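> Spelled out from the first residue to the last, the chains are:
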Amino acid sequence: MSTYVYGITAAAHPALPEGLGGVGDPPMPVRVLKEGDLAAVVSDAPEGLRPKRRELLAHQNVLAEAGAGGCVLPMRFGSVAPEDSAVTGVLAERAEHYQERLRALDGKVEYNVKATHIEEAVLHHVMAGSPELRALAEANRKAGGGSYEQKLQLGEMVAAAVKAQEAEDAGVVQQALEPLAAAVGQGPESTGWLANVSFLVDRDSAARFAEAVDELRQAHPHLDVRLNGPLPPYSFVEPGPSEPAETITGE
Amino acid sequence: MTVVPAQQSGGGGGSSGLYDVLELVLDRGLVIDAFVRVSLVGIEILKIDVRVVVASVDTYLRFAEACNRLDLESGPNKSPGLPEIVGEVTESGARGKSKGALSGAAETISDAFKQSRDDGSAERESRPRARKTAASRRKEEQE
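Chains as they are written, first to last, in our numbering: chain P, 1 to 251; chain A, 1001 to 1143.
The following block holds chain A by itself, in its conformation from the complex (with noise of 0.2 Å):
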C-alpha cells in the first residue's frame, strides 16, 4: 500500500496547493516530441501579467494614501490589514485596495477555475470579464 505524500501548503489549505504550482504543471515537466500536447488554449488566462507593483497613476495615489495613514509608531511587525489599523477611514477602503495589488491575481485565477468548470473552459475572452469580476467585488468592498 503506497501513501500519497501530504501536500504542504504554506498559505491556505486544500485545493488552494494546485493554484500554486498550476504553472509548474503546465509549464515544466517532461515534453516528448513524438507526442502532441492537449490545447491550453482555455487557460490562456493563466498568462496574465500581474507585476506585483504596477507602474500606474492608480498605484501612486494608492501608495500615496496608504503611507498618509501608515502609523510608523506600530512597528513592522504589527500585523497589516487589521480592523484598528485601516480604522473608519471608508473612503480609502485600505483592505479592499491592498486585496487588489495583491490577492487580486489569485482571485482571478480561482476566478477562471469557477468559470472553467461552469462553461467547460474558460476562453480567452474571459480575461477582461474576470478582471471586471474582481474590479466590481473590489468596489463593492469599499462601499
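This is chain P alone, in the form it adopts within the complex (with noise of 0.2 Å):
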C-alpha cells in the first residue's frame, strides 16, 4: 500500500483531532509518522487518486488541522510514496533542510492577495487620465458611436491604456503590502489574475495584513482584491523555485 503525503512537522508537534480523514472516498484516516525530531503527516494512498475537488479540499483540510498545532512544511497536492519506510527515509536523509525549513517559517503563514480591474472602474479611471482618449471617444459618440475603424482605434487605444495600468497596478498592490511581510514570492502565471502574489506573514500582524488590504481597496476603487489567508506556507517551503517531481503519466 503505497502512502500519500500531506506535509512535514516537528516530531514535537500537538496529536492531530481523532478521526481526522484525508483524501480518497471513504477518506483514509490520517496518521503520523515519526523519525528522529521530525514526523510526516500522512495516510494511505487511495487506488487511482484523481485531482478532484474533494481530493483538493481534503489536502487542504488535513494541512490546516495540523498547522493549527503548530508549523506544518505543505507537501505539493498528489505527492505519493511507495512505502512508509520510504517518507521515513526521506525525512532522516534530508533532517537538516526540513528542521532548517521549520524553523524560519514558525509562526509564519501564508496569504495570497490576488487582484484585477473591475472592467468599468478602470476604463473609467484610463479614461479620466488621458484627454487624448476622452476626445476620441467623444468624437465617436457625436457620430453615433462612430465607424468600425473609429470604434477599432479607440478601442486598440484603451486596450493598451488598461494594460499598461494592470502593470502599474501589479506593483502598486506588492509594494503596498511588501512591507508587512517577511517573504514575498510570486503567484504562478497565466491564471487571469494582474497580481497574484504570496506573502509570508507573522501570525502576530496578521491583523494589520489584512488591514493594509483593505487601505488598498479604498485607495484603488477600480481593483477587486482576494485575499487569502491563513494558508500554510506553500509558496515558501522551498528556498528557491523547486522543480517538479515524476510524474505518474495517466492511461
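These are computed hints drawn from the structure, not numbers from a lab. Mixed in with the good hints, there may be bad ones.
[Claimed, not checked] Covered, in the sense of this in silico footprint (three residues per stretch, anywhere, with C-beta under 8 Å from a C-beta of chain A), are these stretches of chain P: (1) 56-66; (2) 119-130; (3) 170-182.
As the structure is a computational prediction, the values presented were derived from the model and not from experiment. Glycine is no exception: its CB is placed at the ideal position from the N, C-alpha and C atoms.
Join the two chains into one complex using the hints; note that each chain is given alone, in its own frame.
Next up, the structure:
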C-alpha cells in the first residue's frame, strides 16, 4: 500500500484530532510517522487518486488542522511514496534541511493576494487620465458610435492604456503589502490575474496585514483585491524555485 | 482540541476560496524527488491562459462601446455594473460582456470542477467545451 504525504512537521507537534480523514472515498484515516525530530502527516494512498475537488479540499483540510498546532511544511497535492519506510527514509536523509525550514517558517502563515480590474471602473480610470482618449470617445459618440475603424482605433488605445494600468497596479499591490511581510513569492502566472502574490506573514501581524489590504482596496477602487489566508506556507517551503517531481502519466 | 484557522476570503465565501488558491495547492508546496505525483492530467484546464486584457478585435470593439457609454460625470467611485449605468442598452449588454472578460475565467474553472465532479475528471478535451459553455451563457444574457 503506497503512502500519501500531506506535510512535514516537528515530532514534538501536538497530536492531530481523532478521526481526521484525508484523501479518498471513504476518507483514509490520517496518521503520523515519526523519524528523529521530524514527523510526516500521512494516510494510505487510495487507489486511482485523481485531482478532484474533494481530494484537493481534503488535502487542504488536513494541512489546516495540522497547521493549527504549529508549523507544517505542506506537500504539493498528490505526493505519493511507495511505502511508509520511504517517507521516514526521506525525513532522516534531509532532516537538517526540513528542520531549517520549520524554524524559518515557525509562527508564520501565507496570505495570497490576487487582484483584477473592475472593468467599468478601470475604463473610467484610464479615460479620466487621458484627454486624448476622452476626445476620441467624444468624437465617436457624436458620430453615433463611430465607424468600425474609429471604434477599433479607440478600443485599441483603451486596451493599451488598461494593459499599462495592469502592470502599474501589479506594482502598487506588491509595494503596499511587502513591508508587512517576511517574504514575498510570486504565484504561478497565466491564471488571469494582474497580480498573484503570496506573502509570508507573522501570525501576530495578520490583523495588520488584513487592514493594509483594506486600505489598498479603498485607495484603488478600480481594483478587485482578493485576500486568501491564513494558508500553509505553500510558496515558502523551498528557499528557491522547485522542480516538479516525476509524475505518473495518466493511462 | 485544535481549532481550524478560519479561511478568510476577500471575495465570495464558501468553497470559492479553494478556487482562489488552487494553483498554490497544485503548483507550490514541497516536492520530494523520491515520491511520485498523482497525474494532474485531469486539470489541464486550470492552465488556461486568460490574460486580463486580450489584444483582439473583439476586445477593442467591446472597450470602444463601453467607453461610448461611460458617463465621466459619475465619478470613479460609482459602483460599476449597476443597472442604472448600463441602462436599457440591450444591444451591447455591458454586464454580460464585462463578465466575459473578467470573471469568465473563474467561471470556466468552476465549470471544469462541475464537470470534474460529474465525469470523475475533466479531461483535456473539456477545455473547448467549458469555453463554449461560458460563451453561450454570455449570449443568453445578452438576449
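> For every hint, state whether the structure bears it out.
Tested hints:
1. For the segment 56-66 of chain P, the stated coverage by chain A is satisfied: 7 residues place a CB nearer than 8 Å to a CB of that chain, which reaches the threshold of 3.
2. Given a C-beta distance limit of less than 8 Å, the hint that chain A covers the segment 119-130 of chain P holds, as 8 residues qualify and 3 suffice.
3. Using a Cβ-Cβ cut-off of 8 Å, 0 residues of the segment 170-182 of chain P lie near chain A, which falls short of the minimum of three, so the contact claim is violated.
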